[in-house]
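S.K.: Dock chains B and C against the given chain A, drawing on the hints supplied.
Residue numbers (our numbering), protein chains in the order written: chain A, 204 to 578; chain B, 336 to 505; chain C, 2 to 153.
Treat the hints as calculated values from the structure; they're not laboratory data. One or more of the hints may lead you astray.
Stated by the list, open to error - Straight-line C-alpha distance at most 20 Å; calculated SDA-like pairs for lysine to any residue:
1) A:214 x A:238
2) B:390 x A:383
3) A:297 x C:3
4) C:91 x C:139
5) A:394 x A:383
6) B:491 x B:358
7) B:464 x C:148
8) A:453 x A:304
9) A:533 x B:453
10) A:267 x C:149
11) A:240 x C:124
12) C:35 x C:118
13) A:240 x C:123
14) A:268 x A:530
Unchecked claim - A short, non-exhaustive set of chain A residues, derived as facing chain C with CB atoms under 8 Å:
15) 253
16) 259
17) 297
18) 425
19) 426
20) 445
21) 505
22) 507
23) 510
24) 544
25) 545
Every residue gets a Cβ at the ideal spot worked out from N, C-alpha and C, and that includes glycine.
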Amino acid sequence: MTTKAPFELEKLSNDEYILNMGPQHPSTHGVLRIILKLDGEVVKDLYCDVGYIHSSVEKMCENKKYEMIMPYTDRLDYLSAVNYNWGYALAVEKLMGITVPERAEYIRVMLAELNRIMSHLLWYSAYGMDVGALTPIMYAFREREEVIDMIEGMTGGRLTHNAFRFGGFRNDLPKDFMDSLKKFIGHFNDKIDEYEALLINNIILTARTIGVGVLSKETAINYGVTGPSLRGSNCAIDLRKTAPYSIYEKFDFKACVGKNGDTWDRLKVRMDEMRESTKILKQAMEGIPAGDIMAKVPKIIKPAPGEVYTKVESARGEFGVYIVSDGTDKPYRIKFRSPSFSNLSVLKEITIGSKIADVVAIMGSLDLVIPEIDR
Amino acid sequence: MNGVDEELIKKIPGLPIVMTTAEWAINAGRSNSIWTLTFGLRCCAMEMMATGAPKYDWARFGLEVPSASPRRADMMIVAGTVTKKMEPVIIRLYEQMAEPKYVIAMGACAISGGPFIYDSYSVIKGADKIIPVDIYIPGCPPRPEALLDGIIKLQKKIMKQKFRTVKEHK
Amino acid sequence: MIFTEILDKLKAKHEVLESKEDLGVLNAWVSAKKIKEVIGFLKNDMQFGQLSFVTAVDLMAANNIEMVYRLFSYETKSDVVIKVKLDRAKPEIETITSIFSTADWHERETSEMFGVKFLNHPDPNRLLLPDGIDMPLRKDFKCADMTPLPKV
Chain A
204 MTTKAPFELE KLSNDEYILN MGPQHPSTHG VLRIILKLDG EVVKDLYCDV GYIHSSVEKM
264 CENKKYEMIM PYTDRLDYLS AVNYNWGYAL AVEKLMGITV PERAEYIRVM LAELNRIMSH
324 LLWYSAYGMD VGALTPIMYA FREREEVIDM IEGMTGGRLT HNAFRFGGFR NDLPKDFMDS
384 LKKFIGHFND KIDEYEALLI NNIILTARTI GVGVLSKETA INYGVTGPSL RGSNCAIDLR
444 KTAPYSIYEK FDFKACVGKN GDTWDRLKVR MDEMRESTKI LKQAMEGIPA GDIMAKVPKI
504 IKPAPGEVYT KVESARGEFG VYIVSDGTDK PYRIKFRSPS FSNLSVLKEI TIGSKIADVV
564 AIMGSLDLVI PEIDR
Chain B
336 MNGVDEELIK KIPGLPIVMT TAEWAINAGR SNSIWTLTFG LRCCAMEMMA TGAPKYDWAR
396 FGLEVPSASP RRADMMIVAG TVTKKMEPVI IRLYEQMAEP KYVIAMGACA ISGGPFIYDS
456 YSVIKGADKI IPVDIYIPGC PPRPEALLDG IIKLQKKIMK QKFRTVKEHK
Chain C
2 MIFTEILDKL KAKHEVLESK EDLGVLNAWV SAKKIKEVIG FLKNDMQFGQ LSFVTAVDLM
62 AANNIEMVYR LFSYETKSDV VIKVKLDRAK PEIETITSIF STADWHERET SEMFGVKFLN
122 HPDPNRLLLP DGIDMPLRKD FKCADMTPLP KV
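Excised from the complex, chain A in its bound form (with noise of 0.2 Å):
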């Protein structure tokens, strides 16, 4: 196995030329580099090269102890860290069988929601410079800071958190959370409006977006993409509603569907789970109990031999964890299964045919974040 050049020079016909796009590029939300071949304008062929940022994750997790890989997980997906250690965190007690109290999941729900607010903000304002409106930004950091500061007085992180423990949550909810969430939650929907009206909804946006990428749903299961990505071709799955997790059958919320699954689509999918995580935190606010925080857990950390896979909807997708125990206090394989890798391997088949410049448009449309894909 080597590398080698993706496209031979000699095999080109004259019309045709190749472009390279990246590892540094402003629009690749990190480093990811592309290769296009272009005819005139249009794309005739993409090839994606990843791993610029592989840092062997998955080998250090070998030689680390259980309660030591938690703070790694926040680091493969910076931008909704929260659910990624919730996934961990579950594959953990599902293996060694441990209940969460209800006060805990409560606690969980609310800051994965918040978590996946401030990375749908993010992509909103990233997705704007992307396609050359330097507004958005502006507005979305606005409510992205006020949802941190919730967060930073809950766990003390602004954006790697490391909040969870197996069997509950670190410390519960400080005093003021309650009247800063209200407070967040009354303005928070109207400030949604806004930004569909500032960038979703704007003609210029539109015509640049609609009928473009079209990915179908039989194309899009086959590739394994997942979260609104896979929403947005109208197919109504959602881990929190197809395979529930945690209390997430407790709440009254719906899954957000697009109608023609392009670009456009999963812009609006992406919005309108804003408006559907607003929902189910004010049902937990409303709804939580008071009690413990922590099970009982035992001090070390040993599973019994055997394997488990956990899955949780994290902002783009299926975030899941594979663990392989022999029965010893570091686990003998861990894999992270990470909805970018799968959403990206798509992104051929859907921009081969479009115009250049759609590429951008495309690819910010999928939300990736590359150190998930290189792990």
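M.R.: The following block gives chains B and C in isolation, referenced to the frame of chain A:
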């Protein structure tokens, strides 16, 4: 002059001429209009974005032009983990930048490898192993305030440089 | 679908070498030659529409590389795990890219991490690793730059 009492101005001795050293003037120009290379590697890139966003607003310190091309950039913020596959790319970007150029290593990964220092086969233990670094900002990831502090420190450093000793990397 | 039901249907059509239940999920071992037919059968006849991931586990003590294919059905909401034991010295298996397109990248990753050779793969190149690092997820992998975690 608009709205200023001209008579008063005439009383100030030698006003139309400002006396300073060329060094100071050039350094002040350089330090207050640093163009950054937009180049994010990991979590720190998000804090870099937050620093550019309204709440922290690095434009107050003259950084409002993020340049996507290294040819126009004065400063590179290495915001994240440097890996073996990324190493040649970073070196090339650094070499493409015009002199004088400055590098900020942001976050634990860029300083020493950070959380990926042990048992990792693909992480380079610090950006200073491959390119010269001026300012180190600790944190995982550092807060936007820390990045602003680092930028102000870099500005102070630029103000102190002498013509003869401006470093040139060949 | 509970695991016995899946196992019975699978056994009726294909040879299952070994099987066990692990936390309510069926793990079935099949032979390397049959992998394409088994995965195709699960997808087309048993509605396992999503391939969650493909990976491998290095069982150094048993001198095996174990391939793990995990499938999920959106219709019946059940999982199934198909495993294949390969010889550690010369691991070779047929690709399933023609059945699930997502297997393409997963197989490329497994290939560079464990040295498994996927026969008839459309793009047998490295995915994540630069040249010079080979099979890092094998248990006996050694690298001069690796600093071991200090004991405290």
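S.K.: For every hint, state whether the structure bears it out.
M.R.: Hints, one by one, checked against the model:
Only pairs whose Cα atoms come within 20 Å are accepted, and residue 214 (chain A) paired with residue 238 (chain A) is accepted, the gap being roughly 16 Å. Taking the CA atoms of residue 390 (chain B) and residue 383 (chain A), the gap is near 18 Å; set against the 20 Å cutoff, the hint holds. The straight-line distance between the Cα atoms of residue 297 (chain A) and residue 3 (chain C) is roughly 18 Å, inside the 20 Å bound, and the hint therefore holds. In summary, the hint linking residue 91 (chain C) to residue 139 (chain C) is supported, as the alpha carbons are separated by about 13 Å, within the 20 Å threshold.
For the hint pairing residue 394 (chain A) with residue 383 (chain A), the CA-to-CA distance comes to about 16 Å; that is within 20 Å, so the pair holds. For the proposed pair residue 491 (chain B) and residue 358 (chain B), the alpha carbon gap of about 14 Å is at most 20 Å, so the pair holds. Distance check on the hinted pair: residue 464 (chain B) and residue 148 (chain C) sit about 16 Å apart at the alpha-carbon level, within 20 Å; holds. Simply put, residue 453 (chain A) and residue 304 (chain A) have alpha-carbon atoms about 15 Å apart, close enough for the 20 Å limit, and the pair holds.
With a C-alpha separation of about 15 Å, the suggested pair residue 533 (chain A) and residue 453 (chain B) falls inside the 20 Å cut-off, and the hint holds. Pair hint residue 267 (chain A) plus residue 149 (chain C) holds up; C-alpha atoms about 11 Å apart against a cutoff of 20 Å. Pair hint residue 240 (chain A) plus residue 124 (chain C) holds up; C-alpha atoms about 17 Å apart against a cutoff of 20 Å. Between residue 35 (chain C) and residue 118 (chain C), the direct Cα distance comes to roughly 16 Å. Compliance with the 20 Å bound is thereby established for this hinted pair.
For the proposed pair residue 240 (chain A) and residue 123 (chain C), the alpha carbon gap of about 18 Å is at most 20 Å, so the pair holds. As the CA atoms of residue 268 (chain A) and residue 530 (chain A) are separated by approximately 12 Å, the hinted pair is consistent with the 20 Å bound. Evaluation of the residue 253 (chain A) hint against chain C yields a held restraint, the C-beta minimum of about 6 Å falling below 8 Å. Hint status for residue 259 (chain A): holds, given a least beta-carbon distance of 6 Å to chain C, under 8 Å.
The criterion of a C-beta within 8 Å of any C-beta in chain C is met by residue 297 (chain A), whose closest approach is roughly 7 Å, and the hint holds. Annotation: interface hint on residue 425 (chain A) holds; nearest CB of chain C at approximately 5 Å, less than 8 Å. At a threshold of 8 Å, the smallest CB-CB gap from residue 426 (chain A) to chain C is about 5 Å, leaving the interface hint in force. Taken as an interface hint, residue 445 (chain A) checks out: its beta carbon lies about 7 Å from the nearest beta carbon of chain C, inside 8 Å.
For residue 505 (chain A), the interface hint is violated, since its Cβ never comes within 8 Å of a Cβ in chain C; the closest pair sits about 17 Å apart. Because the closest C-beta pair between residue 507 (chain A) and chain C is about 11 Å apart, greater than 8 Å, the hint is violated. A distance limit of 8 Å between C-beta atoms decides the matter here; for residue 510 (chain A) the minimum to chain C is near 6 Å, and the interface restraint holds. The beta carbon of residue 544 (chain A) comes within 7 Å of a beta carbon in chain C, closer than 8 Å, and the hint placing it at the interface holds.
Hint status for residue 545 (chain A): holds, given a least beta-carbon distance of 5 Å to chain C, under 8 Å.
Violated hints, listed in ascending order, are 21 and 22; each of the other numbered hints is respected by the structure.
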